[in-house]
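A.B. asks: One letter stands for each residue in the lines below.
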Amino acid sequence: MAKTNTEDYLRMYAQMVRIRTFEDTANQLYLSAKMPGLTHMYSGEEAVAVGICEALTTSDRITSTHRGHGHCVAKGAAFKEMFCELLGKEEGYCRGKGGSMHIADQSNGNLGANAIVGGSMGIATGSAFTAKMLGRDDVTVCFFGDGATAQGLMYEVMNMAALWQLPVIYACENNGYSEYTATAEIAAGSITARAEAFGIEAHQVDGQDVLAVNTLAQDLVARARKGEGPFFIELMTYRYHGHHVGDINREYYRSKDEERDWKDNRDPIVKFRGWLVDQGVATEAEIEAMNAQIKQDAAEAVDYALNARYPAESEVDMHVYADIEHALAPHTA
Amino acid sequence: MREITLSQAVNEALAEEMRRDDTIFIIGEDVAEAGTPFKVLSGLVEEFGTGRVVDTPIAEPGFMGLAVGAAMTGTRPVVDLMFGDFIYLIMDQLCNQAAKTHYMSGGKMRAPLVVRTNLGATRRSAAQHSQSLHALVAHIPGLKVALPSSAYEAKGLMKTAIRDNNPVVIFEDKLMYNDKAPVPEEEFLIPFGVANIKRAGTDITLIGTSSMVQVCEKAAEILSREGIEAEVIDPRTIVPLDEDTLLASAKKTSRVIVVDEGHQSYGITGEIASRLNEKAFYHLDAPVMRMGAMDVPVPFSPALEDLTVPTPEAVAEGARKLMSGELIHAA
Chain D
1 MAKTNTEDYL RMYAQMVRIR TFEDTANQLY LSAKMPGLTH MYSGEEAVAV GICEALTTSD
61 RITSTHRGHG HCVAKGAAFK EMFCELLGKE EGYCRGKGGS MHIADQSNGN LGANAIVGGS
121 MGIATGSAFT AKMLGRDDVT VCFFGDGATA QGLMYEVMNM AALWQLPVIY ACENNGYSEY
181 TATAEIAAGS ITARAEAFGI EAHQVDGQDV LAVNTLAQDL VARARKGEGP FFIELMTYRY
241 HGHHVGDINR EYYRSKDEER DWKDNRDPIV KFRGWLVDQG VATEAEIEAM NAQIKQDAAE
301 AVDYALNARY PAESEVDMHV YADIEHALAP HTA
Chain S
1 MREITLSQAV NEALAEEMRR DDTIFIIGED VAEAGTPFKV LSGLVEEFGT GRVVDTPIAE
61 PGFMGLAVGA AMTGTRPVVD LMFGDFIYLI MDQLCNQAAK THYMSGGKMR APLVVRTNLG
121 ATRRSAAQHS QSLHALVAHI PGLKVALPSS AYEAKGLMKT AIRDNNPVVI FEDKLMYNDK
181 APVPEEEFLI PFGVANIKRA GTDITLIGTS SMVQVCEKAA EILSREGIEA EVIDPRTIVP
241 LDEDTLLASA KKTSRVIVVD EGHQSYGITG EIASRLNEKA FYHLDAPVMR MGAMDVPVPF
301 SPALEDLTVP TPEAVAEGAR KLMSGELIHA A
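Respectively, the protein sequence lines represent chains D and S. In this text, residue positions in the first sequence follow UniProt numbering: the first is 1, and each later residue adds one. In this text, residue positions in the second sequence follow UniProt numbering: the first is 1, and each later residue adds one.
Please note that the accuracy of each hint is not assured.
What the hints assert, rightly or not - Only pairs whose alpha carbons sit at most 20 angstroms apart, straight line, appear in this in silico EDC-like list of lysine to aspartate or glutamate:
hint	chain 1	residue 1	chain 2	residue 2
1	S	K159	D	D323
2	D	K132	S	D22
3	S	K108	D	E90
What the hints assert, rightly or not - Just so you have them, the derived chain S footprint on chain D, three or more residues with Cβ under 8 angstroms:
hint	region
4	92-101
5	122-128
6	156-169
7	317-326
As the list claims (entries may be wrong) - Some chain S residues well away from chain D (every beta-carbon gap over 10 angstroms; in silico):
hint	residue
8	R2
9	K180
10	E187
11	K218
No lab work stands behind these hints, which were simulated from the structure alone. Predicted model, so just to flag it, every value in this text is computed and none were measured. C-beta: ideal position from N, C-alpha, C; glycine also.
Isolated chain S, as found in the complex (with noise of 0.2 angstroms):
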């Protein structure tokens, strides 16, 4: 199969979704002739021209609730939000707009609409460009939330989430534009609420999302060559959340180590822990670990930013610990 990068793969995407239904558009900041910083959405407004591909004011409160309002009236708009910190600047019209049009309205009205933004640190970016906000979209009820790993991921689940009748929130991880996948070339959409199995195995559970899902994956190397096998899953979705997929692993396992890229404290990793120690207690080993980034703004220093983030080598160490039946909190 073709390998392509995570930013074709989402250009790919917007391109076919684009040719399908007239009423998708792109809206942001620098989305047309400069693609984005990232360069995503290359050769888009080419194809189709500066209606469709809409350069905005650098104005996200704006643009989000522009989108809203379009959306709400018969559109499907791509909201393209440059970097996912800028996730505060449009908390009122993604979460009390969008979010509740839907319910507001007893079901008569809906804003189907995909914001596309991403996630992640080490970029030497500091504390306004790399943070890790999905845990705060996924909080609001009446937001969907999908969290590709790969550049196959990508494709499958921006289209989902454009054919999709709700507000969706798509955080890509920003150091992954560049990696390439397999991606087939005839058409495919990945449904949300599906986990994905990325390797069996038996010892113990690593749930992994976004770029944490390769942190996993190299975490079951090394533990692989010590004789723990791993089974690694990533949820795809966090909301829906394939919580049957995940309950089922923890049995078969008995342990678990939720790995995700947001401030540890009140995030995703929490809420997947608890679920877990909820509907499989009585089948686990262990407490289900939690790693998530460190609770710090993330700093600029290469010396200090690499350390707020899971690693490999610390995934496979909290595995370690929680084979060997030491417990983190010991009384």
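One chain only, chain D, in its complex shape (with noise of 0.2 angstroms):
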């Protein structure tokens, strides 16, 4: 086996396990009333973010979901300044200023989670219209929820992608909720139809996969920064916690049984990690050396960002405008 190839492998592996780990430490600091706010989960679904996201480049863009952690750390952010923002403080991301819901890294290319469902398919759009108008071979990746299929935005988007040939990939992340209902009762017919009926080629691909997810991804990355874009992949998934972390009694829309089949056969981890060691890619303890590795690191960054400060209040009315340093200074008369 290529080098290389392990090197990926290995990296896709330790960004899955970064997000899982991001994420039970983010649910533990809720519970235990360290976070404020509220936060979605994104465990589950780690191989759709990273096996696409490990197709980008760190200038490509995404926009991403209110279940937007996984996203922004399979885009390369740090635990640090993803924990100091969770937790509100200056360090953050956005210096405490969007928080868990709003999270972004421009650093990296993601543009942002979006608190409005499917509100950041126009973005992601006209981030791909940026790239073309300015002759930019980057490509943006639109993350959205199945449940954002029902939005209008996102025909009206896709309408005038298609007719321009953007850039824009839009994965659709299927987990078969839309918040508390199931996708079956607000999603008629078949959600890759809906894009082709605006001539986009559209994918279904399992979502657990990583390897699957990424191979299509590097092929329709590639088309799209060859301008044979947009595209469209439906990828079928699944959250293991509720529609957002306090969503504990749950049975009246899912059953515990299908949870339980979900974690036990399709976890998109165990999978891989299964098939890293059957390949001998890697030993399990090397496997098991890379997560305690990366337990340590989640410690250390929730450490750190505990401690660390809040924005001063001065900052409250700072970065409502660009060029005003803040927006309610007292006039001089």
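Since each chain comes alone in its own frame, lean on the hints to assemble the complex.
C.D. replies: Written out as structure tokens, the structure is:
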């Protein structure tokens, strides 16, 4: 097996574990009342974010969802700034002004999580428009959930993206639930057919198989770069937690058996780990060492973030407007 | 100085800025060959091509959202929203996305875009094509709002809007597209947040926005014949608002009427009046009076529509009442 492939595989594995570890840690922070606000867990969907983002360069862009930690990690963000953001600290990626639902990381091309379901579809399409207009070769991936396919904005911008052949990939993470309602109850017909209606090439892929996702993403990203976009991918996946961290008693909309089945039989990390060992890419001991290191990194980052400073009070009216330091500065009269 | 129409002034501003900066593009419905229903953009596609004067499907949230993403990644879109009434359609993309990008990212991202749209009734266009919705936009922190009152203002404010690093919404009055005014040939910009004293006066201050500046000027002429000298002020931008100039005038004249074509309730007139009451109360000889559009959907019938918008006669009558000490809500 070529060395470059080995490195790619190990990095993909590590990135998935980093997401899971980040989420487990964030969940603990929330349950122990150390984290303000609310948060939406990505655990179970790691192969989607990693499989796609590993096909992108730093200057390629993504837009994310309110379930956005996974995309942020996968696009290259650091634990320390992420935990600082979740805790509302000054050193967070958004200086504590975005929090879990708005985390962004411009340094890695992450244009931000969005708390309006489907709200970033215009932004992603506009980012692709910029690339085409300015002759850049970057590609934008728009992550959204199956719930967002009910929003009209998606159809408006897919129409334009197809008309103008924009380098954008619409990545629908179909985890089976639109908040607290089964997708089958809100989505008529086929989701991929909706994209195909605009003449957009659409694929459905097993979102629990990081290599399958990555192989497809590599191909589509390369083709989008050459001006063959846009593309649409429906990634079949599952979220282990409820809609948000407080969604504990959820048997009224999905069974524990179903959750157990996905966790026991279709976990993307367990599956990929088994494959890596079978193929001789890594030993169990090497994987355990990797897991332990990531766990330690997360613990250190959380520790740092818990002790980090909040923004100064004077920041409250900063960044309302670009080029105006304090929006509420008193008039001189 | 040569005189040109407001349409030509906007067209010139866009052309000059697009020549200056390759990252500026115009996007909207029927902006290219059609040049918009008001023909404001005529000729631009011939010079800049369809890559920079971009006709879209009829999908306002879609192209507004696209503009936000484009602005966040290095271009400067000018979004052409055919009628101000369509603001309702783009509210999520304008208010939840564009307005908050800079703040939510802790100052690390920005969305420098312009939405150019219009306001104004009395075109017999009925309730869904006649509204003046600038107060809705002005309510949202992160957005700037400009209200040009002449061809000169339209050109200078548009050029400033395009160069601003924030989302700016410009509302042109659609009755004024053919109004001519002196506009210099050489380049000029009008800074935001600097009110224009259109007419100096000592007895009462009339603050007007957009086409209501003309209404206030006509009211001032009527009043002048009666020996009342009104000062007329055009704030030009309501976000940012040049509070200093408005306060100074209120303190000087001690009586103020605020005239705006948005609905009177919960609108711009209430906001300005309230600021003057808070900061110039002891200088005032009468409550600040508000005159906005009637709180009704704009009717179609000319006989009804004309009743809904403040007129010079009504403003003059209001001024007489304030001057005579006849308080509107005297106990």
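A.B. asks: For each hint, tell me whether it holds in the structure or not.
C.D. replies: Results of checking the hints against the structure:
1. This hinted pair checks out: K159(S) and D323(D) have alpha carbons roughly 17 angstroms apart, not beyond 20 angstroms.
2. Our distance criterion of 20 angstroms between C-alpha atoms is met by K132(D) and D22(S), whose separation comes to about 13 angstroms.
3. About 13 angstroms separates the Cα atoms of K108(S) and E90(D), which keeps this hinted pair within 20 angstroms; it holds.
4. Residues of the region 92-101 of chain D lying with their CB closer than 8 angstroms to a CB of chain S number 7, which satisfies the three-residue condition for coverage.
5. Beta-carbon proximity to chain S at under 8 angstroms applies to 7 residues in the region 122-128 of chain D; the threshold of 3 is reached and the given coverage holds.
6. Given a C-beta distance limit of less than 8 angstroms, the hint that chain S covers the region 156-169 of chain D holds, as 5 residues qualify and 3 suffice.
7. Here's how the region 317-326 of chain D fares: 6 of its residues keep a CB closer than 8 angstroms to some CB of chain S, so the rule of at least three is met and the hint holds.
8. Listed as a non-interface residue, R2(S) keeps its Cβ farther than 10 angstroms from every Cβ of chain D; the least gap is roughly 33 angstroms.
9. For K180(S), the shortest C-beta to C-beta distance to chain D comes to about 34 angstroms, beyond the 10 angstroms cut-off, and the non-interface label holds.
10. The beta carbon of E187(S) is kept farther than 10 angstroms from every beta carbon of chain D, the shortest such distance being approximately 21 angstroms.
11. Every Cβ of chain D is farther than 10 angstroms from the Cβ of K218(S); the closest lies at roughly 29 angstroms, confirming the non-interface assignment.
Of the numbered hints stated above, none is contradicted by the structure.
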